[in-house]
Amino acid sequence: MGHAITHLGKVPSDSQVSTYQLAYVNQNRIDADCANLALGEPLCLGIVGQDCGSVHVFYSNDSCTNVMDSTGVSLSTLLANNPNVDAGCTNVYPDEVLCTASTVFNYTTVYNYTSTA
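First residue of the sequence shown: 1, per the UniProt record's numbering; consecutive thereafter.
Among the clues, some could well be false.
Across the chosen pairs, the derived CB separations fall in these ranges [said to hold, decoys possible]:
id: 1; residue 1: L39; residue 2: A87; range: 29 to 37 Å
id: 2; residue 1: N106; residue 2: S70; range: 21 to 29 Å
id: 3; residue 1: N36; residue 2: S70; range: 29 to 37 Å
id: 4; residue 1: N36; residue 2: P83; range: 33 to 41 Å
id: 5; residue 1: D31; residue 2: Y93; range: 17 to 25 Å
Since the hints were derived computationally from the structure, they do not count as laboratory data.
For clarity, every value in this text was computed on a predicted model and none was experimentally measured.
Glycine included, C-beta positions come from ideal geometry on N, C-alpha and C.
Please model the complete structure; the sequences and the hints are all you need to start from.
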């Protein structure tokens with residue numbers, strides 16, 4: 001799932017959904033390189049009761065410290081809600097959307113796509 005997070009591009013920032021959440025709930029739909037996504041293809045943005053309602057779009061001059069200072073979220077909560085981010089926050093890229101909720105979310109549900117054809 002890590003590669004998919006990198007390749008989702010601006011979908012999360014345009015939709016105001018955390019990058020990790022988008023990749024997680026669509027892991028049955030998105031392959032590691034996002035090669036199976038078509039322009040305009042619908043994606044699940046979240047699961048009721050498991051949506052991070054507070055997000056921050058990461059900019060090129062941002063740091064995790066800036067995000068924590070501006071949102072009041074602790075490092076442990078920031079990392080727990082964004083498991084794709086390493087402990088040093090060195091792998092966050094511009095336009096990545098971080099969940100900045102003050103409580104830890106338990107991402108447990110993956111959206112099940114069904115074919116209607």
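Hint check results:
Checking the proposed 29 to 37 Å range against L39 and A87 shows it holds: the Cβ atoms sit about 35 Å from each other. N106 and S70 have their C-beta atoms about 25 Å apart, which keeps the hinted 21 to 29 Å range intact. Our hint of 29 to 37 Å for N36 and S70 holds, since their Cβ atoms are close to 36 Å apart. Range check, N36 to P83: Cβ separation about 23 Å, and the 33 to 41 Å hint is violated.
The supplied range of 17 to 25 Å is met by D31 and Y93, whose beta-carbon atoms lie about 20 Å from each other.
Violation of the numbered hints given earlier is confined to hint 4; every other hint is satisfied by the structure.
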